Amino acid sequence: MSDILLPLLVTIPIMLAAFPLLAGLKYERAGWPIAMVGSLVVAGLAALLTWEVYLEGQSTGEQIIHELGGFPAPRGIELVGDGLSALIALLIGVVSVAVLVYARKSGPQGNAFYSGYLLLTGGLLGVAFTGDLFNLFVFLEIVGLVTYALIAADRSGKAAYGALKYLFLGTVGASLYLIGVGYAFVATGTLNMLDLQSALAEVGYTDPLVQAAFGFILVGFMLKIALFPLHTWQPDAYTYAPDSVSAYISALVSTTAAYALIRISFDVFTVDFFAANPLIADGVVLLASISIVVGSLLAVMQTEIKRIFAYSSVAQFGMIVAAIGLTSETALFGAVIHLVGHGLMKAALFMGAGIMATAYGARTISQYGGLAKRAPFTSGSIAITGLALVGIPPSIGFVGKWFIALGAVQEGSWGLAVVIFVSTMLTLLYVARIIEKLYFDPPGDPHGAAHDDHGDGHDDAVDGHAVADGGHAGDDGGLTTDTQTDGGSPAETPIKPGDSPEQTAAVSGAVSREMLAVVLTLTLATVALFVSADQFAAMLDPVFGRFFQ
Amino acid sequence: MTEPLITELFTEQHAYVLFVLLSSIGIYMMIATQNLVKKIIGLNMFQTGVFLFFVTTAYVVGGSSPVIPPDGSGGPFASPLPHVIVLTAIVVGVSLTAVGLALTIRLYNEYGTLRADALREVIGDE
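The listed protein sequences correspond, in order, to chains P and S.
Going by this note's numbering, the residue at position 434 of the first sequence is 440; the numbering climbs one at a time, nothing skipped.
Going by this note's numbering, the residue at position 15 of the second sequence is 80; the numbering climbs one at a time, nothing skipped.
Bear in mind the hints are in silico, worked out from the structure with no lab data behind them.
Treat the numbers as computed from the prediction; the structure is a model and nothing was measured.
One thing to keep in mind: the hints can contain errors.
What the hints assert, rightly or not - Derived list of chain P stretches under chain S, where covered just means 3 residues or more per stretch with a C-beta under 8 angstroms from a C-beta of chain S:
no., segment
1, 140 to 147
2, 173 to 184
Stated by the list, open to error - In silico contact screen, one side only, chain S against chain P (beta carbon under 8 angstroms); selected entries:
no., residue
3, I90
4, I92
5, K104
6, Q112
7, F118
8, L152
9, S160
10, V164
11, G165
12, E175
Claimed, not checked - A few chain S positions that, by computed beta-carbon distances, are all more than 12 angstroms from chain P:
no., residue
13, E73
14, V115
15, V126
16, S129
17, V132
18, P134
19, S138
20, G139
21, G140
22, F142
23, A154
24, L168
25, T169
26, Y173
Glycine is no exception: its CB is placed at the ideal position from the N, C-alpha and C atoms.
One chain only, chain P, in its complex shape:
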């Protein structure tokens, strides 16, 4: 019965994706409600699936399998749901609802955006559930294609540049993955993940063809996940994309790619493969460690807020991939928690940065001087989520990092433990810089003033901003004014970079109460999930039981 949830989760958003464009022929603003319905349905079904898998995990621990079109498995394509994919699906559902609430005001407007948004959601869910290597390629490319289009959705030249750069590297990554799949197919004659597991074992894990297959798949995913030195597309893509798109893709796109790598490493190649090829396992840990350190260092060196967060993703995903190479149950447990936690934290951070940019035109660290007084809620969110990213308890960031580091120590991989520690210090460095600017720099400080000429006309709009953030005194009056601004939303124009000062000033109203509420909710979630390790364990135990039998 519950297996019908899997195809529904994948097909509903993809089919709904046609409707914003169709309805857009008649109703100009039909896109958002349709996308919202789609995202809510996805979130609801994902929650239902998670609950069923949770119950299943208590009793039998079996996977939920759906054969598409009734064609039986090695030839037909299967959708597979277990604790791991259900968690990722739930993350996709929650983040897509959250970002959509945020995107209603912040844009990009237009029905094409909402079509792309639903298509991306469907593609991500496909990656999460598919049980077939080639089908995974198709879903990865659906995700890739829509991501390139969404990054360029605000029609600015810079965004198109970032998107095209991502397109080149992302396509090469997917093609390298396809070569790896081809090698595995030549070695075994099957593409079904569960089937491949036994077929690869028969061929032998030290067979050069199998090793090469894993090598190509690994490099392909390293490009998609954006690990150093293959990360170069990511900072541009995240920085130049519209704020809501940055939040969505930073939270989900690399995350599902990392999930797919975990799935293939442990469900297809299995721990025995790593045991038979210690050099490959060590290589993965080494590459990931370099990514952790270099990503953190590059993040410290940046001045643009979105770029800092982008490079920080390079480091965080380094930790997740390092846990794969460790093949330790504890570390992998931490990696999955960090995968979910990082998604929530980055969504909150990018949306927080988006509010700062829309309301105050602040896009660099120096422009953040003293903003905490004007935007207490947003600043608080950025500060708390930033500290969660460092790994300070109580937050989900701490839980994930803790288990990865614990796994590294258990496996005797002291190098990695030191790397994680160093990266934590570096993360603290760049987060502390932001917090220090927000809270301890007076608004009129020389740096802030020096940068004022870049953000012409923001001074005129200060009053509006403070109201927009709902908190110059944190009182109801601010919120009421805000609601009025909200009511006037049809007059809103999409925000384009390079607008004249007058327009930029008008943009201040574009920060709505629900945008703030979303950021605050996600922030609270990252803190509240600190106590969730037991629930994660209940979800993941049956899965890991299979991985590490």
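Chain P is already provided as a structure; the job is to place chain S on it using the hints.
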């Protein structure tokens, strides 16, 4: 010892050699040229190399096309699965090219150039 291997490589497995050549030339072209359209052509060539590899794996010596008569006779047949895979992958490749060209057109309209190095200079990418 190595001589027969090399002969075999070029007589019986020339398709694999072609796959490696095509993919390498494509990826080199993508990296080396500064022209965005040529970069996209290089990307296509790289993908075509990969498709060729898949088509090659389907080949069965003496095999006919996998259209099986109702009585199930005939054979051997070439494997249909890689063909289906390549068909799908070609569709994906076409859409990628379309998106890539659309972005290139927008970049050209915005900055008036197709050269990646010029764009990098204008945009200030590090």
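Each hint tested on the structure:
no., hint, verdict
1, 140 to 147, "holds (count 4)"
2, 173 to 184, "holds (count 6)"
3, I90, "violated (14 angstroms)"
4, I92, "holds (7 angstroms)"
5, K104, "holds (6 angstroms)"
6, Q112, "holds (6 angstroms)"
7, F118, "holds (6 angstroms)"
8, L152, "violated (11 angstroms)"
9, S160, "holds (6 angstroms)"
10, V164, "holds (5 angstroms)"
11, G165, "holds (5 angstroms)"
12, E175, "holds (3 angstroms)"
13, E73, "holds (17 angstroms)"
14, V115, "violated (5 angstroms)"
15, V126, "holds (16 angstroms)"
16, S129, "holds (19 angstroms)"
17, V132, "holds (17 angstroms)"
18, P134, "holds (20 angstroms)"
19, S138, "holds (21 angstroms)"
20, G139, "holds (20 angstroms)"
21, G140, "holds (17 angstroms)"
22, F142, "holds (14 angstroms)"
23, A154, "violated (7 angstroms)"
24, L168, "violated (4 angstroms)"
25, T169, "violated (7 angstroms)"
26, Y173, "violated (10 angstroms)"
Hint compliance for this structure: hints 3, 8, 14, 23, 24, 25, 26 are broken, all remaining hints hold.
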